[in-house]
Amino acid sequence: MTEQLIEKIETMEKKHEKQKHQREKEYPKSSVTLKIYRANRRAGESPHYDRIEVPVQHWTTVLDALLYAKAYKDQSIGIRYSCRMASCGSCGMKINGIPRLACYTKVSELQGREITVEPLSNFPHIRDLVTDFSQFFAHHHNVEPYIQNDNADMQEKNKLTEFIQTPEDVDKYLQFSYCIKCGLCYSACPTVATDTQFPGPQALSQAYRYFIDSRDTAPKERLNLVDNRHGIWRCHFAGSCSSVCPKGVDPALGIQLLRGHLLGYSKNEKKAAELKERQKKDD
Amino acid sequence: MRQLRGNTSMEREEVADRNNREGMMGWLNPRRYGWERVSYWLQRLTGVGLLAYFIAHIYETSQITGGPALWEAFLELTQTTLGHIILIVVIGMCVFHSANGIRLIFAHGGKGLGKPGRPDYPYDAVSLNYRQKSGIWIALILALVAMLYGASVLFGGE
Ligand code: HEM
Ligand code: SF4
Ligand code: FES
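Those sequence lines, one after another, are chains L and E.
First residue of the first sequence: 1, per the working numbering; consecutive thereafter.
First residue of the second sequence: 1, per the working numbering; consecutive thereafter.
So here's chain L without its partners, still in its complex pose (with noise of 0.2 Å):
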């Protein structure tokens, strides 16, 4: 079993490693010139466009060198980010048109000598490349994100349930569960363009990861929750949220995997199964 996986990774890794080298295509520069989105609407401010000409070298990420234009060049360039590493979800932006974290693109790979970041599409604009969340939180928040079980003890301290998963169980879910909510997928989405009430790729893949999740019990009801007017019956798998996700959460599978359960394509009645057999060796 063991060496099964240990042999399914290292295949893996060659596989990643040749994908790697015929991807990483590079521009190499000395300089780029940041075309910065400046807009403070609340202020009165009407939007327009800063250039700040920045060095770099090949290893420069967008977050870095707008870091550089903000500590040498305009101090009062409004940008959100935490970790630097694509970890956090908080840097999204719109880089050259398309979403992406800034601190997950290299300039190098970026072509032309002029770079031009813009706040996300489809959030409310706070302030220059920063936007609002919250619209997109309250739906991650209304599919319910966590695990729900019936045999699960919450009163009882001292009582421990446990849930064993196979491998297999947690194949299932585990790449929705690295969704880092940095909201670049609800930016591409083409139905969230037009539809404030359609959840979006995000909350929707989420739906998928508890739904299939080996040991939620409520797979009837998580259903329910995304079959309405504005549900995922609204999602036309144009794609976009998967080409922009930088985690390889792959929202547009989740979804459609998810209304394979609807259509009655796929049919859970082996995990209820299962749950019903394993309750009956917990009691």
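Worth flagging that the hints you see were computed from the coordinates, not collected in a lab.
Okay, derived cross-link-like pairs now, DSS-like style, lysine-lysine, Cα gap no bigger than 27 Å in a straight line:
(1) K115(E) <-> K247(L)
(2) K133(E) <-> K14(L)
(3) K133(E) <-> K94(L)
(4) K115(E) <-> K8(L)
(5) K106(L) <-> K14(L)
(6) K247(L) <-> K111(E)
(7) K115(E) <-> K220(L)
Cβ pair distances, simulated, as ranges:
(8) L28(E) <-> H48(L): 22 to 30 Å
(9) N129(E) <-> S134(L): 30 to 38 Å
(10) E26(L) <-> V38(E): 24 to 32 Å
(11) R44(E) <-> Q155(L): 46 to 54 Å
(12) R41(L) <-> F155(E): 50 to 58 Å
(13) T166(L) <-> V48(E): 43 to 51 Å
(14) I141(E) <-> G97(L): 23 to 31 Å
(15) Q155(L) <-> N129(E): 41 to 49 Å
Residues from chain E that face chain L, not an exhaustive set, calculated with beta carbons under 7 Å:
(16) E22
(17) G34
(18) L113
All of these numbers come straight from a predicted model, not from anything done at the bench.
Don't be surprised by glycine CBs; every beta carbon is placed ideally from N, CA and C.
Following the hints, put chain E with the ligands in place on chain L, whose structure we already have.
Frame of chain L; chain E with the ligands shown alone:
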């Protein structure tokens, strides 16, 4: 159905002018996000186009109630160069929409998209795989072939 938390009317009013949704403008540009977005865009355009054709078609065939002469006169409209071109476009729309539609019927339920796994750099999405892209290309090629055949029948011969 549950209410959206944190999306009260007051808040909505507050953010209304700062909402920054792409709206139709984002939709009009299908080139930023790869073939799947092009497919989405074409499926909708051809769907709406077919609906328009369908309505026009009902109107056209209803002309028979005004007698054979009116019907003949109306049919003449399709015998012009512009009429031919419109018919060729309709053929293309029909073939693309149906072929791509059959792909989407499966894909919308997760069939042919691959399985979730353990993503690693460079984090390619399995759902945007070459089986799906080939489906889109095949639909486009079929539409092109049908249009060429239609053109050869309408413009060629006689
Ligand atoms: C073999 C025939 C057809 C098939 C297999 C088919 C299939 C589909 C599919 C799968 C979609 C995508 C739905 C979605 O993205 O959620 C679609 C969209 C659409 N279809 Fe069809 N269709 C067919 C014929 C027609 C005809 C004859 C019309 C017009 C009278 C039509 C009008 C539309 C429209 C307006 C849309 C746009 C909806 C959207 O953008 O999602 N379709 N079709
Ligand atoms: S699914 Fe991907 S793009 Fe969307 S919020 Fe999560 S990590 Fe970001
Ligand atoms: S700064 Fe944390 S994701 Fe970019």
